[in-house]
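Place chain W on chain Y using the hints.
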Amino acid sequence: MRGGTGPVIMRDVTSLPRPLQRDAISRERLPEEAREEQRRLRVLNAATEVFAKRGYLETTVDHLVAAAGIGVGSFYALFQSKELCFMQVYESIAADVRDGLEQAVSSSESAPGQICACLQVLLEMIESEPIRAKVALIEVQTAGPRMVACHQRNLDAAIPLLRRCRGLSPFRENLPPTLEPAIVGGVAWLAHQRLATGEAGNLGALYRELVDIVLGPYFGEEQAKLLATQN
Amino acid sequence: MPRDRRESISLGTAPARPCDPVGPTGEGSSLRQIQRAVVDLVCERGYPEVTILDVVERARVEEEQFYHYFAGFQDCCIETFETIARRCEEHLYGAYDVPGSWRYRLRCAGYAAADFLRDNPREARFAVLELRRGSDLARARVEAAVEFYTDLVDDGRQELEDPSAASRAIARATVGSILSQVIDQARVGDSPEAEQFVPGMMYLAVRPYLGQQAAMEELTLSRPQDPPR
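As you go down the protein sequences, you meet chains Y and W in turn.
Note that the working numbering has the first sequence beginning at 1, numbered continuously upward.
Note that the working numbering has the second sequence beginning at 232, numbered continuously upward.
Everything labelled a hint here was simulated from the structure, so no lab data went into it.
Be aware that a few hints might be false.
Calculated from the model, a selection of chain Y residues having no Cβ within reach of chain W, i.e. all distances over 10 Å [said to hold, decoys possible]:
no., residue
1, Gly55
2, Ala67
3, Ala111
Derived contacts from chain W toward chain Y, CB cut-off under 8 Å, selection only [said to hold, decoys possible]:
no., residue
4, Arg364
5, Ile401
6, Leu410
7, Gly431
8, Leu452
9, Ser453
Calculated Cβ distances over 12 Å to all of chain Y for the following chain W residues [what the hints assert, rightly or not]:
no., residue
10, Arg267
11, Asp271
12, Arg289
13, Arg291
14, Glu294
15, Gln296
16, Ala302
17, Arg318
18, Arg334
Just so you know, these numbers come straight off a predicted model, no measurement behind them.
Don't be surprised by glycine CBs; every beta carbon is placed ideally from N, CA and C.
Bound conformation, chain Y alone (with noise of 0.2 Å):
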């Protein structure tokens, strides 16, 4: 303590009250990078919100910056734009679809089982998720024509899949050649239209109508009903 004209005494900080003593510094300090993502994931995730709410064109910059609390100069040395920013948006909500995908994939060996298992994680992450879904789905339509091409081509990934339907249907012969991309946009477009009705919290009982949409032109009501329960 200084006092009058003495010295300046310096004391050990453990002598210091134990309210004073600052803790000791256990964990280790994140490497650059790693909080460099930190705080990419933090503004993707109050990004996704701002589009979700205020819809893609008519969010701007500083909507973005507002929600993520940042400032304009750490957002644009992120992304460089609120294009860029979308499109990060929307590839992190494709990622975590395509390992939810994959995962569904995975617990099947036949293609309709396989069928079944995706429309399941789909109408439960969209039903979990409605404001992702919502970006996924309805805010990438006005996202410039990158990102439309971008999500299309996403929406296609299906194809091979119904396309091995095809194969096994006893119908084949005689099924129509754009069967695949037409029951890709019907499922689409039902999804888009659940949420923009606000709509998505019931996605989950269309379960067994999907499969009939889906694999019924393929196998057949009954053989689609059965699918839809056994899997």
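This is chain W only, laid out in the frame that chain Y set:
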């Protein structure tokens, strides 16, 4: 809305909208010029790249005339879409509202839709592709208009022994399938070939309500010539 709209189309009492191209002093023609210009420009450049000045220049009208009809660019696009949608609905419902089974009437409407797309490729591209990308409000209006077509497919539930056993989701998915095919074609500047497109769509539409055999038959049926007696 769609059921009321169908009734009003059927009775010929569909209310005239402010943007209907009517008017004694050529007023309608400048409106049509503006609407034609906005469709052409949006298809050529994309919705975000078009301005009101572009539209009035292409339409060869004064800016004041534009604001006589529309509050702004988005309003112009949405009202133009409504004009196109109304024409399409009247065309389709005219083909659907004939004597015969639901399946037959839907097939007639399917070919009418394919013909409309073939005869109005720019309008189709404007409505299903460009406008949906343009603004959230425009996208919402386009998507709401699709419910009209969902109604026609959803009528198929009445073919079931227990119509409540199925939900509207089936019709929505079918219309979504059709819409996705139309969008795919519009992306490459094309319209669906009716004789290939309609049987495939009828297969999807009919199967949930009338079964596999009826659906397979649809793949072999050609364009209806005359309504059944």
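Right, here's what the structure says about each hint:
1. Gly55: 4 Å, violated
2. Ala67: 18 Å, holds
3. Ala111: Nearest chain W Cβ is 19 Å from Ala111(Y), so the label holds.
4. Arg364: Where the cut-off is 8 Å and the nearest Cβ of chain Y is about 5 Å from Arg364(W), the hint holds.
5. Ile401: 6 Å, holds
6. Leu410: 6 Å, holds
7. Gly431: Holds, about 3 Å.
8. Leu452: It is violated, given that the least Cβ distance between Leu452(W) and chain Y is near 13 Å, above 8 Å.
9. Ser453: 15 Å, violated
10. Arg267: The assertion about Arg267(W) holds, with a minimum of 24 Å to chain Y.
11. Asp271: 19 Å, holds
12. Arg289: 22 Å, holds
13. Arg291: 30 Å, holds
14. Glu294: Fine: 24 Å to the nearest Cβ keeps Glu294(W) off the interface.
15. Gln296: 28 Å, holds
16. Ala302: 18 Å, holds
17. Arg318: 23 Å, holds
18. Arg334: Given a closest Cβ separation of 16 Å, the condition holds.
Hint violations for this structure: numbers 1, 8 and 9, all remaining hints satisfied.
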